[in-house]
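**Student:** The two chains are supplied separately, each in an independent frame; assemble them into the complex guided by the hints.
As they're listed, the protein sequences go chains A and B.
So that you can map any letter, position 162 of the first sequence is 162 in the numbering used here, and since no number is skipped, the others follow by simple counting.
So that you can map any letter, position 370 of the second sequence is 1370 in the numbering used here, and since no number is skipped, the others follow by simple counting.
These aren't lab readings, by the way, just hints derived from the structure by calculation.
Be careful, since some hints might not be right.
What the hints assert, rightly or not - Now the in silico label distances, taken between C-beta atoms and shown as ranges:
{"#": "1", "chain 1": "B", "residue 1": "Ser-1080", "chain 2": "A", "residue 2": "Ala-113", "range": "48 to 58 Å"}
{"#": "2", "chain 1": "B", "residue 1": "Gly-1074", "chain 2": "A", "residue 2": "Ala-103", "range": "53 to 63 Å"}
{"#": "3", "chain 1": "A", "residue 1": "Tyr-135", "chain 2": "B", "residue 2": "Ser-1080", "range": "55 to 65 Å"}
{"#": "4", "chain 1": "A", "residue 1": "Leu-10", "chain 2": "B", "residue 2": "Gly-1074", "range": "17 to 27 Å"}
{"#": "5", "chain 1": "A", "residue 1": "Ala-113", "chain 2": "B", "residue 2": "Gly-1074", "range": "48 to 58 Å"}
{"#": "6", "chain 1": "A", "residue 1": "Thr-247", "chain 2": "B", "residue 2": "Ser-1041", "range": "27 to 37 Å"}
{"#": "7", "chain 1": "B", "residue 1": "Ala-1665", "chain 2": "A", "residue 2": "Thr-247", "range": "39 to 49 Å"}
{"#": "8", "chain 1": "B", "residue 1": "Asp-1235", "chain 2": "A", "residue 2": "Thr-247", "range": "30 to 40 Å"}
{"#": "9", "chain 1": "B", "residue 1": "Ile-1391", "chain 2": "A", "residue 2": "Val-11", "range": "11 to 21 Å"}
{"#": "10", "chain 1": "A", "residue 1": "Val-166", "chain 2": "B", "residue 2": "Phe-1468", "range": "16 to 26 Å"}
{"#": "11", "chain 1": "A", "residue 1": "Leu-10", "chain 2": "B", "residue 2": "Ser-1648", "range": "24 to 34 Å"}
{"#": "12", "chain 1": "B", "residue 1": "Gly-1074", "chain 2": "A", "residue 2": "Thr-247", "range": "22 to 32 Å"}
{"#": "13", "chain 1": "A", "residue 1": "His-63", "chain 2": "B", "residue 2": "Phe-1468", "range": "13 to 23 Å"}
{"#": "14", "chain 1": "B", "residue 1": "His-1519", "chain 2": "A", "residue 2": "Gln-284", "range": "16 to 26 Å"}
Said to hold, decoys possible - To give an idea of the interface, some chain B residues facing chain A are shown, with a C-beta separation under 10 Å as derived from the structure:
{"#": "15", "residue": "Met-1068"}
{"#": "16", "residue": "Val-1099"}
{"#": "17", "residue": "Met-1106"}
{"#": "18", "residue": "Phe-1108"}
{"#": "19", "residue": "Leu-1112"}
{"#": "20", "residue": "Tyr-1119"}
{"#": "21", "residue": "Ala-1131"}
{"#": "22", "residue": "Val-1135"}
{"#": "23", "residue": "Arg-1214"}
Backbone N, C-alpha and C define an ideal beta-carbon position, used for all residues, glycine too.
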Amino acid sequence: MLVFVIRRLLVTVPVLLAASLLSFLLIDVTGDPLADLMVQQPPPSPEIIEAERERLYMDRPVHERYWLWLTGIGGNGDIGLLRGEFGPSVRGPAFDVGAEVAARMGVTLRLVAAAVLLALGLAVATGVVSAMRQYSALDYTLTFIGFLALAMPTFWLGALIKEAGVWANGRLGTTVFYTIGDSSADTRGMGLWERIADAGGHLVLPTLALMLTGYAAWSRYQRTAMLEVLNSDYVRLAHAKGLPRRTVMRRHALRTALIPLTSVAAVTIAEILAGTVLIETVFQWRGLGTLLVEAIRTSDAYVLMGWLMLAGTLVVLANLAADLLYGVLDPRIRYE
Amino acid sequence: MTAEEAVAGAVGQGGAVLRIEDLHVSFPTEDGRVRAVRGLSLELRPGEALGIVGESGSGKSVASLAVMGLLPRGAQVSGSARVAGREVLHLGDEELSRVRGERIAMVFQDPLTSLNPVYTVGRQIAEAVRAHRAVGEREALARAVELLAAVGIPRPEERVRSYPHELSGGMRQRVVIAIAMANEPDVIIADEPTTALDVTVQAQVLEALEAARRRTGAALVLITHDLGVVAGHVDRVAVMYAGRLVEQGPVEEVFERPRMPYTLGLLGSQPRLDEGRSVRLAPIAGAPPTLLAPPPGCPFAPRCPMAEARCTEEEPPLRATGDGHLAACHFAERLEGRTPQEVFVRSGEPGARHGAAPSPAPAPSAAPLLRAEGLVKHFPVRSKGVVRRRIGDVHAVCGVSLELREHETLALVGESGCGKSTTARLLLRLLVPDAGRVEFEGADIAALPRAELRRLRQDMQIVFQDPFASLDPRMTVAEIVAEPLRIHGLYRERGGAADVERLLRTVGLGPEHAARYPHEFSGGQRQRIGIARALALRPRTLILDEPVSALDVSIQAGVINLLEDLQEEFGLAYLFVSHDLSVVRHIADRVAVMYLGKVVETGAADRVFAAAAHPYTQTLVSAIPLPDPRKERRRQRILVRGDVPSPSAPPSGCRFRTRCPKFAAELSERERARCVEEEPPLEARVPGHLTACHYAQERALV
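Isolated chain B, as found in the complex (with noise of 0.2 Å):
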């Protein structure tokens, strides 16, 4: 059967290719039965891009492992679900794999483990198409390459041939988009399929999954925690929230007239890179309920600002609310009108940031306080063997240089892999650099004795990224609060215990949460206890490794306000690694882009976003999703070919050039040998605006 055949066919049985009534999955647990999914019904039409958000633990991944019926042995399915008519619940194996691949296929999040690391790409491909196709390998494999092509891999002949572990993160997804396509199908469901990926390959990614859904009039279930994913790919939009669907509708409808409290709150917490730092994010109070036993009522109702004795007592229905729109809120018409921030933040708190301007960023007159000048770190590659000869260097970081003042945040901006954390781990010392500087209050930290060094520890402190790595589970958190007060020697002069309450109650836990341990907390509160370790030692300078970019956007929201808070209280420094550029843009008041361990483009954050002139910049700011479906589908759009080019092997003259839209399009060959042969230093355009490219040109694209 065709793909047209197929959706002719779906259409007749009420126009539906994907239906899902009252979905259940539980699963058994030694607590008791964790009620993953409660009761989902769900359409996708022919050919329609529906988008499915929701925080962890909402349900989304689980209803579509569901479906493909990849839960694990234990879990208990009840409900409907039918592909193209034909319930697809409870098949037995051979039905079961005459479904998948053929009329429905799947996208999972993480590319670097979907493929199996033994055989080759086009080995892959071939056996997906030969599962459903009564064609001879080598006929497989041209199909093998033929989609390759369509999914954008550049000399899809050779790649056939690669191994996974041959192709980057991008690529490999790609492969997996064209394994989904193989045979194709009516339904793909991608899972998160750029979550795992930089934001420039994120934007390649989504372009693939485009190409395979115009290629194969499939439709596409694309499940996402990130808004702006969403508002630029799918016509409907469904929220998903403990295992429940709570909101459903049009894209443009649902992101600017929310009828559920929850969607609101999402909005309204996600940092947004239209938005400057005057917006104070509005983040959702509490966490998700636990589904072992999910609240009789609304399961939002302890979160949500509006909640009445109603809303505890009886779980509101899906019900229409306007056209083609449907909301689970008693209340959902009080919405009409209202923006997250005053729905969100409580009475008595302002709404804008402190009720006033964003604090002006001190004159840069002011003496830096963190400086570090022309730093150097290269890691030997070394050859595998007895010997081990250094046979090359990752160049990591490459003379960067940046300033620091008093109450002022620095973010460092980059994809991974582009020495934005190893330049961090040089200021604080934790890695001695090969070459530069870094001085603390003028003070080189390189010459300092041991005991200084070890003062000066007091002024600089870190926050990691990973909040469950990077607390001892075996200490308590007031043992965790108190260790750096302990390695100092302050811990009783600074009044012990009372010194710790203080702290937590600072990051906005309480002194109860003192005797527990780590893994009794959620990821933003372990990422508040981390802060409060940070700050035990009152420092001036934090650093922040990325420290929301494993949290949830309505946890996140409250971390980066808590952030932002501690900087107006204590005149903190902060300098800001991060990836995320929505988040930066919120937080940052200068930006500092790295690129292959150099520095491309720096200045203040308000003019670095909406005059981006390195076309670098250029690039990660089109390729950030705005959480807009109107603005987001005009936005002009800069796509960057291929990936990160190794750092042990850096391209010479400017090393962007490898995948700079610019040099591909607008350069002549005589501006494009100057970009091959001379490197661009980092030059002044404006006062305090910096850029390291040849033909730096302004250009507006938020």
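Pulled out of the complex, with its shape left as it was, chain A reads as follows (with noise of 0.2 Å):
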């Protein structure tokens, strides 16, 4: 097992390093970080100019900017991925890019994590209720939402669902549904625990409409799993045993179906991640997602590429995640 971890982790090197490029590559050639200044009304004197060209390293070679905005050598101290720097920003020799890349990825982790576990939790049980009572009324149902929500953009069910809590509120008169930012506005004078609910509360709305994309994939693949786990001779050998029919179910049905569930839903992380861009614009979220969008707006170019690089690292994570527990989950798969 340790064999196999370290001989995927170093896997993941070749990968990465083919991301980096990409990434480097692809916002290099889309856009001039010096745009902005260059238009600047009076114009910045020459001087400036190239003094800023020269804080973002815009005046060397491209190969030489990669090598350096990888490794850090020959820079000036704030730029190297290896070293843990995202380089500097269009915004400013003061503005950290890495200190803010990690209140934001606070703020971002929080919504995936908690749209992730919920989209889980009701895709296995709906999935399951609808494998078990397949072609019911309820089987019909769960399946026209879980084509709804699939079928619906991200950005407008989130516009949707901010609207539906704005007008909740009204109707109610108070604010039950935070719709606005990931906490409040001050939060000077509130206890931990206060502020912990405070973030929660703000997380639901958003969360909300994370999720739905994530839970109608996973719903319709734990439906199918359970579905094939219940037609097959092993569940059938299950009753046939005398066992009681919650327990086949638990026992010999879901702990099965839930196998194939786990890759899935490594590759779904990804679309997660895309959908924060837009639900954190909709509901003004200060997370990675407005980080992303803000960036564009700039062209603060090693902000960019730190971000691909960032999300491209979580996805091969969660792949690897999903790889290891695949191996926990069914002994057939054994990693020598």
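**Tutor:** Put into structure tokens, the structure is as follows:
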């Protein structure tokens, strides 16, 4: 198992390298970080532009810049992924990209984790119920909801949910659902528990919106997996042994039907990350998603590259976790 | 309650541990209600073994699932089924779970899917024990070890911790049997328990079933399509057709004096190991009726050569025709003393093979059409991961040589994984051998230029095993049959549609079938389409890769007869790949027995079957059940131990030694050393009969 983990980790190195090259080139050829500066009125002096160009390492050739971005060798100490530095921002030398990313990642991961957990839980539950009551009214209803969630674009769903929250608050005359921000604007004077409750309250609607894509896909997978298992010989044999129905369902059917979901879930993590960009915008969160939007708007090259790398790393890690989990769940998979 | 008490209790209620009365099962489908079981009544006495025989769709499995309460949601069940006096149909979940496993247990067909892959076999057996007994996990596991030993699994203490995928099919089926006997039930229902297994493993599993019966005193319901399996292992037999019981009686009585034409037909279409090529099989024409709207009269009437007007109007009741013998036929008495050939072979068609002795095999001096020498094929085994190093080889074929002459059938037999199908593919150059050569009419096919190899393919065609997978579902029958002609640019030249029609007629299909799609045909008809396609190019050799193993017995007989007729008519040479020795006995002139990639015995079929000299051939022959209860019970059995070793690490010396009964029981230490160290060469014992065994000794086993 350990050998497998190490080998699996080694394999991620070339994957991440390729991802870094792609992220770098993609951003480098599509935007000029100095563009905003150039069109400022009144025009800044050539010295200022030159200094900015040097600060952002735009005076160096492409390959050198890539190497610099990756390793930080030959830079000013503010760049180099391997050193944990994301590079300078167009927002000025005082802006620490790393600290900003870290702060916002906390906010976003909170949202992602809540959405993934909720989506998984609901998907498994409805998938199982759907399969056990195949072709019943309940099954058709859940199927309809699933396809509705799949078919609706995330931003549209997000906007609808937000409007619904606003409407509900209006009708009730008090703020039940928080529709703006990841926490209240002013948290001074709140104790720890109050802060947690506040953050939790702000999570509700965005989580709901973000969860639906993952939920819709996963519940369909879970239904199919469960149906397959329910029709399997070993479930029949478990019944034939005289096990109570609930035990058969839990121990033999559900346990095995969960295995395929792990790999599907890992792949969908990427989609959920993409979803945060939209949901955070709709609900005006200061998370990674809005950071991306801001960075695109200002052609903040290193922030963009760093963001892409971070997302890539998260996806790779999610897949690694799924692979390892698979080995734990399915004894037929052994990593030697 | 112990098994004895249960039996005693059951006897008090009329002497039956299982009594099924007027059982009806139907399934709603889009086309209407499929009436799978129609008024089945059966009785099973304590400790008795009852065989239920029938072809696919006869309702035999559905009936057993109905008794177990395992039918899918939506199935409609009526009638009554009492287990030890207690009604089990329409029981609630909780009550049902108390009956299942405790009073009545079941063994399913496919051992590869019957066990949950994520739990150890020990846990799965222990679970069955704990479902009905208030014992701890530790105690239950100890019982699991005991049960594994009882079904003949070596080293049960270790095996109890194995996961199902670590065990072979035969072992897994024995684990399922262990689960079935865990609570000493009154009845064990085994639904085709050996159909998915090789013959030598089948023998082991049947042995385990017998052991389970002896230990638990349970009555056994053995459901199978194989008349041979029934003949040797049950006391009474019931024959099902189209959802109804059509004949029932003591096994000798039914086999020797069948009183229902269908039973007689089944017996006549079953190729037998104790009959040579001189007897032509008597297939049953047509196919079983659809169960959507069964005909009003006797369901067998449309296929029955004895049918009269009364048969299509009035359904015959099951009535007594002898001592304990029941049959559902208006004219049961007319079957007295008649053979299947007399009843089922239409007048004008000769009962014996073309009215004459089998066509003599060509003289050995005749130049072989197809010759293979020292064929070797290894498949690399690669490590998982990115690098995928080659970590070993599967030695699929290791030095196989064979010859095939015109108008001759050479059968390549052996268990799954012995390399017989790979050999067939090497001959066709669908696979390229690692070493060795294949000659067609003296020309090395590896040396042929591409265009000539293409030409040569016209002379060598193949018929595949699975008639469902080998026909493109999106092509019409005419397109399928014409495809080889089009590929070789011969379609117009050979007469186009007229030629296709001629081919269809040759294989017993009509021109009206040409425009239909494969899914509209039954398995037997599809295989005929496959044969028509193979014949389209007028080949001289046909490679037949298990061509009848997916078909029901009555259908299989028709295809075998067709193959024999085609050979007669066109002088075809057949390479017949099969695991079924009864079929091989019926169709082959010569036999080559393969084990782990090597030919271990070869010679004229008559000789190899009558006087098998290699211990492996002997175990194979002895494992094939005869559809004759008296003979079958008297036969000497040579049981082989264990499973086929992995072909990626074959044993040193003689490859069969690890399972060889002779090696285990008869040889001295010194003699054994030779088996371990020295690989026995394939040598002629008498001219034309070659054996690869240091201590070969002929034995008559049929």
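**Student:** With reference to the structure, classify each hint as holding or not holding.
**Tutor:** Results for each hint:
{"no.": "1", "hint": "Ser-1080/B - Ala-113/A: 48 to 58 Å", "result": "57 Å, holds"}
{"no.": "2", "hint": "Gly-1074/B - Ala-103/A: 53 to 63 Å", "result": "57 Å, holds"}
{"no.": "3", "hint": "Tyr-135/A - Ser-1080/B: 55 to 65 Å", "result": "29 Å, violated"}
{"no.": "4", "hint": "Leu-10/A - Gly-1074/B: 17 to 27 Å", "result": "52 Å, violated"}
{"no.": "5", "hint": "Ala-113/A - Gly-1074/B: 48 to 58 Å", "result": "41 Å, violated"}
{"no.": "6", "hint": "Thr-247/A - Ser-1041/B: 27 to 37 Å", "result": "34 Å, holds"}
{"no.": "7", "hint": "Ala-1665/B - Thr-247/A: 39 to 49 Å", "result": "46 Å, holds"}
{"no.": "8", "hint": "Asp-1235/B - Thr-247/A: 30 to 40 Å", "result": "36 Å, holds"}
{"no.": "9", "hint": "Ile-1391/B - Val-11/A: 11 to 21 Å", "result": "18 Å, holds"}
{"no.": "10", "hint": "Val-166/A - Phe-1468/B: 16 to 26 Å", "result": "59 Å, violated"}
{"no.": "11", "hint": "Leu-10/A - Ser-1648/B: 24 to 34 Å", "result": "27 Å, holds"}
{"no.": "12", "hint": "Gly-1074/B - Thr-247/A: 22 to 32 Å", "result": "23 Å, holds"}
{"no.": "13", "hint": "His-63/A - Phe-1468/B: 13 to 23 Å", "result": "58 Å, violated"}
{"no.": "14", "hint": "His-1519/B - Gln-284/A: 16 to 26 Å", "result": "58 Å, violated"}
{"no.": "15", "hint": "Met-1068", "result": "6 Å, holds"}
{"no.": "16", "hint": "Val-1099", "result": "7 Å, holds"}
{"no.": "17", "hint": "Met-1106", "result": "4 Å, holds"}
{"no.": "18", "hint": "Phe-1108", "result": "5 Å, holds"}
{"no.": "19", "hint": "Leu-1112", "result": "9 Å, holds"}
{"no.": "20", "hint": "Tyr-1119", "result": "8 Å, holds"}
{"no.": "21", "hint": "Ala-1131", "result": "5 Å, holds"}
{"no.": "22", "hint": "Val-1135", "result": "14 Å, violated"}
{"no.": "23", "hint": "Arg-1214", "result": "22 Å, violated"}
In summary, the structure is inconsistent with hints 3, 4, 5, 10, 13, 14, 22 and 23 from the numbered list given earlier, while agreeing with the others.
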